[in-house]
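Please construct the entire structure, taking both the sequences and the accompanying hints into account.
As you go down the protein sequences, you meet chains D and C in turn. Residue 5 in the numbering used here is what sits at position 5 of the first sequence, and the numbering runs on without skipping anything. Residue 1050 in the numbering used here is what sits at position 50 of the second sequence, and the numbering runs on without skipping anything.
Worth flagging that the hints you see were computed from the coordinates, not collected in a lab. Computed from a predicted model, the values in this text were never measured in an experiment. For each residue, glycine too, the CB sits at the ideal point set by N, CA and C.
Lysine to aspartate or glutamate pairs mimicking DMTMM-like chemistry, simulated, CA-CA at most 25 Å apart:
{"#": "1", "chain 1": "D", "residue 1": "K11", "chain 2": "C", "residue 2": "E1042"}
{"#": "2", "chain 1": "C", "residue 1": "K1054", "chain 2": "D", "residue 2": "E95"}
{"#": "3", "chain 1": "C", "residue 1": "K1100", "chain 2": "C", "residue 2": "D1059"}
{"#": "4", "chain 1": "C", "residue 1": "K1005", "chain 2": "D", "residue 2": "D62"}
{"#": "5", "chain 1": "C", "residue 1": "K1071", "chain 2": "D", "residue 2": "E59"}
{"#": "6", "chain 1": "D", "residue 1": "K70", "chain 2": "D", "residue 2": "E95"}
{"#": "7", "chain 1": "C", "residue 1": "K1100", "chain 2": "D", "residue 2": "E59"}
{"#": "8", "chain 1": "C", "residue 1": "K1100", "chain 2": "D", "residue 2": "E79"}
{"#": "9", "chain 1": "D", "residue 1": "K57", "chain 2": "C", "residue 2": "D1001"}
{"#": "10", "chain 1": "C", "residue 1": "K1037", "chain 2": "D", "residue 2": "E95"}
{"#": "11", "chain 1": "C", "residue 1": "K1100", "chain 2": "D", "residue 2": "D56"}
{"#": "12", "chain 1": "C", "residue 1": "K1037", "chain 2": "C", "residue 2": "E1058"}
{"#": "13", "chain 1": "D", "residue 1": "K53", "chain 2": "D", "residue 2": "E95"}
{"#": "14", "chain 1": "D", "residue 1": "K57", "chain 2": "C", "residue 2": "D1031"}
{"#": "15", "chain 1": "C", "residue 1": "K1100", "chain 2": "D", "residue 2": "E27"}
{"#": "16", "chain 1": "C", "residue 1": "K1037", "chain 2": "D", "residue 2": "E27"}
{"#": "17", "chain 1": "C", "residue 1": "K1100", "chain 2": "D", "residue 2": "D54"}
{"#": "18", "chain 1": "C", "residue 1": "K1037", "chain 2": "D", "residue 2": "D38"}
{"#": "19", "chain 1": "C", "residue 1": "K1005", "chain 2": "D", "residue 2": "E59"}
{"#": "20", "chain 1": "C", "residue 1": "K1100", "chain 2": "D", "residue 2": "D62"}
{"#": "21", "chain 1": "C", "residue 1": "K1100", "chain 2": "D", "residue 2": "D73"}
{"#": "22", "chain 1": "C", "residue 1": "K1005", "chain 2": "D", "residue 2": "D38"}
{"#": "23", "chain 1": "D", "residue 1": "K70", "chain 2": "D", "residue 2": "D56"}
{"#": "24", "chain 1": "C", "residue 1": "K1071", "chain 2": "C", "residue 2": "D1024"}
{"#": "25", "chain 1": "C", "residue 1": "K1100", "chain 2": "D", "residue 2": "E72"}
{"#": "26", "chain 1": "C", "residue 1": "K1005", "chain 2": "C", "residue 2": "E1058"}
{"#": "27", "chain 1": "C", "residue 1": "K1037", "chain 2": "D", "residue 2": "E59"}
{"#": "28", "chain 1": "C", "residue 1": "K1100", "chain 2": "D", "residue 2": "D38"}
{"#": "29", "chain 1": "C", "residue 1": "K1100", "chain 2": "D", "residue 2": "E95"}
Among the chain C residues that face chain D by a calculated CB cut under 10 Å, a handful are:
{"#": "30", "residue": "K1038"}
{"#": "31", "residue": "A1041"}
{"#": "32", "residue": "F1046"}
{"#": "33", "residue": "S1049"}
{"#": "34", "residue": "F1089"}
{"#": "35", "residue": "C1090"}
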Amino acid sequence: DAGITQSPRHKVTETGTPVTLRCHQTENHRYMYWYRQDPGHGLRLIHYSYGVKDTDKGEVSDGYSVSRSKTEDFLLTLESATSSQTSVYFCAISEAGPSYGYTFGSGTRLTVV
Amino acid sequence: DQQVKQNSPSLSVQEGRISILNCDYTNSMFDYFLWYKKYPAEGPTFLISISSIKDKNEDGRFTVFLNKSAKHLSLHIVPSQPGDSAVYFCAASNTGTASKLTFGTGTRLQVTL
Chain D
1 DAGITQSPRH KVTETGTPVT LRCHQTENHR YMYWYRQDPG HGLRLIHYSY GVKDTDKGEV
61 SDGYSVSRSK TEDFLLTLES ATSSQTSVYF CAISEAGPSY GYTFGSGTRL TVV
Chain C
1001 DQQVKQNSPS LSVQEGRISI LNCDYTNSMF DYFLWYKKYP AEGPTFLISI SSIKDKNEDG
1061 RFTVFLNKSA KHLSLHIVPS QPGDSAVYFC AASNTGTASK LTFGTGTRLQ VTL
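The structure is reproduced here in structure tokens:
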């Protein structure tokens, strides 16, 4: 595999609780991304990072925050989980931008009850 | 506002025949296009890409065609094999801006025996 792991793989949490998903890479790639996959919507960008401490919002960033304190880790936090955030979350890495292709992790299935 | 559209949610093709997956986009600033393949419980994997300066790119059984005037691209798989059964996502980027991919909603391809 390309050296990208997501944890946890599955999580069930209650509405209103904070949740943090972790993406870890061993490729030393500059760019990291968080996407969510939902039926009828495909993959939608939540947040992305173009370097340590450099992050920006994607198209569905409301209710989410991210942090990247070191190259290898990109954390996605749901401050107060809602049922609408039930989804499959994918992390991706890229060496030099999307034109070089992303490598995706295996995903985290999050259920908010 | 769906900037990348895959209007066929599913497609069924017999083994050995050609599979044609279609994708339309609305943002004229997109200049790089990619196709990803996704199996259940796995992350998407990069399949093939094309720059806007080309109208065709071929890699083995996979060929991507780009029609810029129609803002349309297609993925041809010849011959189709049962292992090609997966969800295919079209994606686009503007390499002049931040490193983000915009994905379509996906097409589920089933290759039957």
